[in-house]
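Below, each chain spelled out in residue letters.
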Amino acid sequence: MTVQISRRGFLIGSAAGSTALLVGLGSNGVLAAAGEAKLAAALNPFVRIDASGVVTVILKHFEMGQGTSTGLTTLVAEELDADWEKVDTEFAPSDGSRYANLMFGLQGTGGSTATANSYMQYREAGAVARDLLVRAAAQTWGVDPDSITIERSILTSGPHFGHFGEFVELASTLEVSSDPVVKTPDQFRLIGNQRLHRKDNSNKTDGTAVFAMDIKLPGMIYAAIARSPKFGGSVISFDDRDAKQVGGFIAAQVLPNKAGVVAFAKNTWSAFQARDALSVEWDFANAESRSTFEIVSAQKALLDHPQFDVNHDISLSSVASTIASAPRKIEAEFTFPFLAHAPLEPLNCTIAPTKSGVIMYDGCQFPGLSHPTVAAILDLDPSQVEIKTLYAGGSFGRRANPMSDYNAEAAMAFAVSGRKLPVKLVWSREDDLRGGHYRSQTAHRATIALGAEGNITAWDHRIVTKSIMKGTAFEPVLVREGIDSTSVEGIAEGLYDIPNHAVGLSDFETAVPVLWWRSVGHTHTGFVMETLLDMVASETRQDPIEMRLAMLDPKGTNQARMISAINLVRMMSGWEEGDKRGFACHYSFNTCVAVVADVSVNGKDVHVNKLYMAVDCGVAVNPDIIRAQMEGGAGFALAAIYRGEITLTDGEVDQFNFPDYELLRNGEMPEIEVGIVSSNAAPSGVGEPGVPPTGPAVANAIFAQTGTRILNLPMTKAGFNFV
Amino acid sequence: MACSLAKVLPCETRIPSSDWDCQTERAEQMKYQLKINGEIRSVDVEPGTPLLWVLRDELGLTGTKFGCGVAYCGACTVHIDGYPSRSCQTFIEDAVDSEITTIEGATDRVAKAVQAAWREKDVVQCGWCQSGQVMSAIGLLTENPKPSDEEIKEYMYGNACRCVTYLRINEAVKLASRKLEA
Ligand code: FES
Ligand code: FES
Numbered sequence: 000m001t002v003q004i005s006r007r008g009f010l011i012g013s014a015a016g017s018t019a020l021l022v023g024l025g026s027n028g029v030l031a032a033a034g035e036a037k038l039a040a041a042l043n044p045f046v047r048i049d050a051s052g053v054v055t056v057i058l059k060h061f062e063m064g065q066g067t068s069t070g071l072t073t074l075v076a077e078e079l080d081a082d083w084e085k086v087d088t089e090f091a092p093s094d095g096s097r098y099a100n101l102m103f104g105l106q107g108t109g110g111s112t113a114t115a116n117s118y119m120q121y122r123e124a125g126a127v128a129r130d131l132l133v134r135a136a137a138q139t140w141g142v143d144p145d146s147i148t149i150e151r152s153i154l155t156s157g158p159h160f161g162h163f164g165e166f167v168e169l170a171s172t173l174e175v176s177s178d179p180v181v182k183t184p185d186q187f188r189l190i191g192n193q194r195l196h197r198k199d200n201s202n203k204t205d206g207t208a209v210f211a212m213d214i215k216l217p218g219m220i221y222a223a224i225a226r227s228p229k230f231g232g233s234v235i236s237f238d239d240r241d242a243k244q245v246g247g248f249i250a251a252q253v254l255p256n257k258a259g260v261v262a263f264a265k266n267t268w269s270a271f272q273a274r275d276a277l278s279v280e281w282d283f284a285n286a287e288s289r290s291t292f293e294i295v296s297a298q299k300a301l302l303d304h305p306q307f308d309v310n311h312d313i314s315l316s317s318v319a320s321t322i323a324s325a326p327r328k329i330e331a332e333f334t335f336p337f338l339a340h341a342p343l344e345p346l347n348c349t350i351a352p353t354k355s356g357v358i359m360y361d362g363c364q365f366p367g368l369s370h371p372t373v374a375a376i377l378d379l380d381p382s383q384v385e386i387k388t389l390y391a392g393g394s395f396g397r398r399a400n401p402m403s404d405y406n407a408e409a410a411m412a413f414a415v416s417g418r419k420l421p422v423k424l425v426w427s428r429e430d431d432l433r434g435g436h437y438r439s440q441t442a443h444r445a446t447i448a449l450g451a452e453g454n455i456t457a458w459d460h461r462i463v464t465k466s467i468m469k470g471t472a473f474e475p476v477l478v479r480e481g482i483d484s485t486s487v488e489g490i491a492e493g494l495y496d497i498p499n500h501a502v503g504l505s506d507f508e509t510a511v512p513v514l515w516w517r518s519v520g521h522t523h524t525g526f527v528m529e530t531l532l533d534m535v536a537s538e539t540r541q542d543p544i545e546m547r548l549a550m551l552d553p554k555g556t557n558q559a560r561m562i563s564a565i566n567l568v569r570m571m572s573g574w575e576e577g578d579k580r581g582f583a584c585h586y587s588f589n590t591c592v593a594v595v596a597d598v599s600v601n602g603k604d605v606h607v608n609k610l611y612m613a614v615d616c617g618v619a620v621n622p623d624i625i626r627a628q629m630e631g632g633a634g635f636a637l638a639a640i641y642r643g644e645i646t647l648t649d650g651e652v653d654q655f656n657f658p659d660y661e662l663l664r665n666g667e668m669p670e671i672e673v674g675i676v677s678s679n680a681a682p683s684g685v686g687e688p689g690v691p692p693t694g695p696a697v698a699n700a701i702f703a704q705t706g707t708r709i710l711n712l713p714m715t716k717a718g719f720n721f722v
Numbered sequence: 000m001a002c003s004l005a006k007v008l009p010c011e012t013r014i015p016s017s018d019w020d021c022q023t024e025r026a027e028q029m030k031y032q033l034k035i036n037g038e039i040r041s042v043d044v045e046p047g048t049p050l051l052w053v054l055r056d057e058l059g060l061t062g063t064k065f066g067c068g069v070a071y072c073g074a075c076t077v078h079i080d081g082y083p084s085r086s087c088q089t090f091i092e093d094a095v096d097s098e099i100t101t102i103e104g105a106t107d108r109v110a111k112a113v114q115a116a117w118r119e120k121d122v123v124q125c126g127w128c129q130s131g132q133v134m135s136a137i138g139l140l141t142e143n144p145k146p147s148d149e150e151i152k153e154y155m156y157g158n159a160c161r162c163v164t165y166l167r168i169n170e171a172v173k174l175a176s177r178k179l180e181a
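Chains D and X supply the protein sequences, listed in that same order. Mapping of the first sequence onto numbering that gives the first Met the number 0: position 136 corresponds to residue 135, and the numbering continues sequentially without gaps. Mapping of the second sequence onto numbering that gives the first Met the number 0: position 69 corresponds to residue 68, and the numbering continues sequentially without gaps.
Simulated from the structure, these hints should not be mistaken for laboratory data. Where a beta carbon is used, it is the ideal one built from N, C-alpha and C, also for glycine. Just to be clear, a hint being listed does not mean it is correct.
Unchecked claim - So the derived list for chain X, only partly shown, Cβ under 10 Å to chain D, looks like this:
#, residue
1, 31
2, 37
3, 46
4, 55
5, 59
6, 67
7, 74
8, 124
9, 126
10, 132
11, 138
12, 146
13, 151
14, 163
Unchecked claim - Derived coverage of chain X by chain D (criterion: at least 3 residues anywhere in the stretch with Cβ under 8 Å from a Cβ of chain D; other residues may be distant):
#, segment
15, 78-87
16, 155-162
17, 166-175
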C-alpha cells in the first residue's frame, strides 16, 4: 500500500486576538493553519499551540496500549523541536475528512498502520507550525528567519529569545508557506531517541487516565445484554420475573434485531445480576449447534476439495504430478482453535442524548465504521452523532469490527430505553469470552515434494477458514475473485522463493462470528509456514537459518530486510550449526521479525527460557515502544499457543471466564532480547508482527529437543505443560 | 420500599409503547459507611454489592478496574487494612469496618517509589491492569522491601496483564525497591 500525502499551501483565514495556532487539513484536504477563533467550524487540527506555549497533538488514532499517542506526538514534537514535557495529547473527534487513516480512507486504527500512515502527515503538520512560528519571531525581532534556532520550545536568534506561545497570535495570521521542509534523519533528536518516555505513563499509574468504562454521566442508566447461548440464535420471548427481584433493576427489553434482551439497572452490578436473572426463550433454527470436534472434521473434509485456487499461474492440479512422482514428500495437517481477544477492559460503550442528537463515549478504534452504524440505528444524520474517544483497555483487534457490534448494541439499547437518559452498556468477562468475534478456527494441509538433492520441487497447500472480510465494507478491497486475502496472507504472498507453490482455499461457513485477532491471518499462516520449513530443513539436514536465507532473494526490498533481521538474530543469539534452539521468521504488516527460541524440556514439561527477536520496521520512531510491542506480541502468542482455545459443545461456548481461558501470567514470561535493524526507510507496523513468528520458533525448539512436531494448537493437546 | 425507578428513570421518559412495569419487588437498599482513602463515605446500595462496583459506580473512584469479577485477574486490587485484596469479591458489608485504600489514595512513600519506577521503566501499555499491578507492588514492597526475582513473580502472579508487561513490571518492582533503600 502507498500512502498519499496531501500537499500544503493553503491557509484558512486568521483571527485577530487568536489565542492559539492550529495546523490541520483544510476543507480541500491540504494542510492549513488558523487562529483558534476561526477554527471550530473550519478545521479539525493535528496540532494546537496555545499562548502559554503548550503544544497539543490531536491523535487521529486511538490508544489501546500500542503507543500511538507517544508515536504521533514524537513526530510533531520532532519537527517543532518542542520540549517533550510541554507536549500534551488529545484524541481526535470523529471526522473522516480530516482524520482518515491514509491506508483505509476511513478514520480508524488497525493493521499496525498508525505510525506508517501518519509518519509524513504529522511531521509535515509539525513542520508547518514550526515555519509559521519562526517567521512570526523573525518578523517580531526584525531578523532573518534562517538565524532562528529552536531548543525545547524556545526560539532564539542572537540576543532574542521567546517561547512558542509568544508567537502564536502572529503566526496564525501568516500564510502557510508553499513547502515547509521536514527534517532529514541526521537532524532527528526525538525520533529514535531511546530515552523518551511514554506520554501515557503517568496517568496510567495513578488511576487518572480516563477509559471508556470510567464514564459516568448524570442520570445514566446501565445496561447488560442476555445474548443467545448459541451463535445465530434469536429471541422468541423472555420473562423478567426473577430480574424484578434484583435491587436496582429498572426494566428489560428485546433488542430490535432480536439478538438479545437488554436489562437496564441503576448500576453495573445490578445490570449484570438482572441480566443473569432473565429467562429467555431462543430460536436456534439458524444457530451454530455443532461441537468443536464436528467443526474440525468438517474443516478437514473441506481440505479435500478446495473451493479456490489462490495462485493464478500455479494451480493445485498443475503441481499434482510433480508431487505424485516425488522421491520424498513431507505431509502435514494443522488445526487451530477459535481464540478470544480478551482485552482486559471488557467492551463497553456509553451513548447519551445531546441537543442535536447523541454523543457516544467509547475506546473507539474505528470511528469511520462506528459513526455511520450508530447514526443509522438511531435514524440520525451522521452530523448528529458525536464520538468521544477515550483510552481503550486493550483491543488486539476486538474493538474494531466491521459490524461495530458493541457500538450497535449500545445504540439499540439507547433506542429502546426511550433516548432520554445516557445508557452505558457493559460486557462482563463472560460476555466477552462467550461473545464470538474470534480468531477463526482454521485447518491447513500441506504436501511438499522434495527432489533428489533435498530441494523443494512442488508444494500443495490448502487452507480452510471462515472469511473475515466477506460481507463487510472491506470486501471490495480485500476480497478478489472470491479469495479473502486475510485467509491466505503469509502463505500465498510470503517472501520465500518456492517453486510450484500452489495454494487452495475453502471458506468455512458457520454462524460463529470471526474477526481479525492480533496479526489476523498470520496467526495461523506464520505458524504453518515456519513449522513446515523447519520440517523441510530437518528432513533434508539443512541448517534452518541457512535454508531460509537461500530461499530469500536479496534483490527484493523486503527479502533484503528479512535477511538483515535474520542475520541480526543469528548474531544476537550466537546461533550455531546443529543448534538445539528453534528458529522462525515472518513478514507481516510490512515488517520483518526473526526469532530464536531457547527452551528446556524435561519429559512433558517445557520451559521457554529466552526469546531473541530481531525486527526491521523501517525507521525506529520510538525504539522502546518497539521493544515493548515485541515483548507484548511474543507474550500474547505464547498464551495462545500454550493453552488458548475457545471450544463449543453443541454450539455453546465451553469457557466462561479467565479460570478457563488463562492469560499468560507473571512468571511465565521468558526473558526477551529485542534487536532493531537500523533503517531510514519509512516506518512500518510493530503492534502485530511480533506475534506470528513466536509460536513456531517455540514449536521448532520443542522439536529440536524432543523430536515431537506440534501441528495442532494449543500445544497442551500434544501433552506438554508449560512450567 | 419505594421504587427507585422513579428517581432514575421517570416513567414518562421511558420507551414509547413500552409496557414496562414501574414496580419491582426489590431488596432493601441499605446505607453503608466506608473508610476510603482516609475519608468517611456513605453509600446507598443493595446488600451484597461488591466493593468494586461501589467504588466505580457510586463513589466515582474509577482508578480501580473491572477485569473478570471472579478474583482471577487482579485489575480490581485495592488495599483493605493494608493488604492487597480483590475488590470484586469483597462485599460491601465486609468492608465497612476496614480501612480501604484505592489507587487514588496511594500516596505514601512506597506508592511514590513504585509509581516513579513504573514511569521510568515505561511499564504501561493499555493500562487497564496497571492500577491493580501498582497496588499489588506496593503491598509486596511494604511487606518485603527487598524481594527476590522469584518472590516478585510469585507475589504478582495474580495480577494478569493481557498486554504482557510482566518483564517491565518486575524490573520496576526491583527499581522501586532500590529507590526505597536509598
Ligand atoms: S476484577 Fe477482580 S480480580 Fe478480576
Ligand atoms: S497494560 Fe494492558 S492489561 Fe496490562
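Against the structure, the hints come out as follows:
no., hint, in the structure
1, 31, "violated (13 Å)"
2, 37, "violated (16 Å)"
3, 46, "holds (8 Å)"
4, 55, "holds (7 Å)"
5, 59, "holds (6 Å)"
6, 67, "holds (5 Å)"
7, 74, "holds (6 Å)"
8, 124, "holds (3 Å)"
9, 126, "holds (3 Å)"
10, 132, "holds (9 Å)"
11, 138, "violated (14 Å)"
12, 146, "violated (12 Å)"
13, 151, "holds (8 Å)"
14, 163, "holds (3 Å)"
15, 78-87, "violated (count 0)"
16, 155-162, "holds (count 7)"
17, 166-175, "holds (count 4)"
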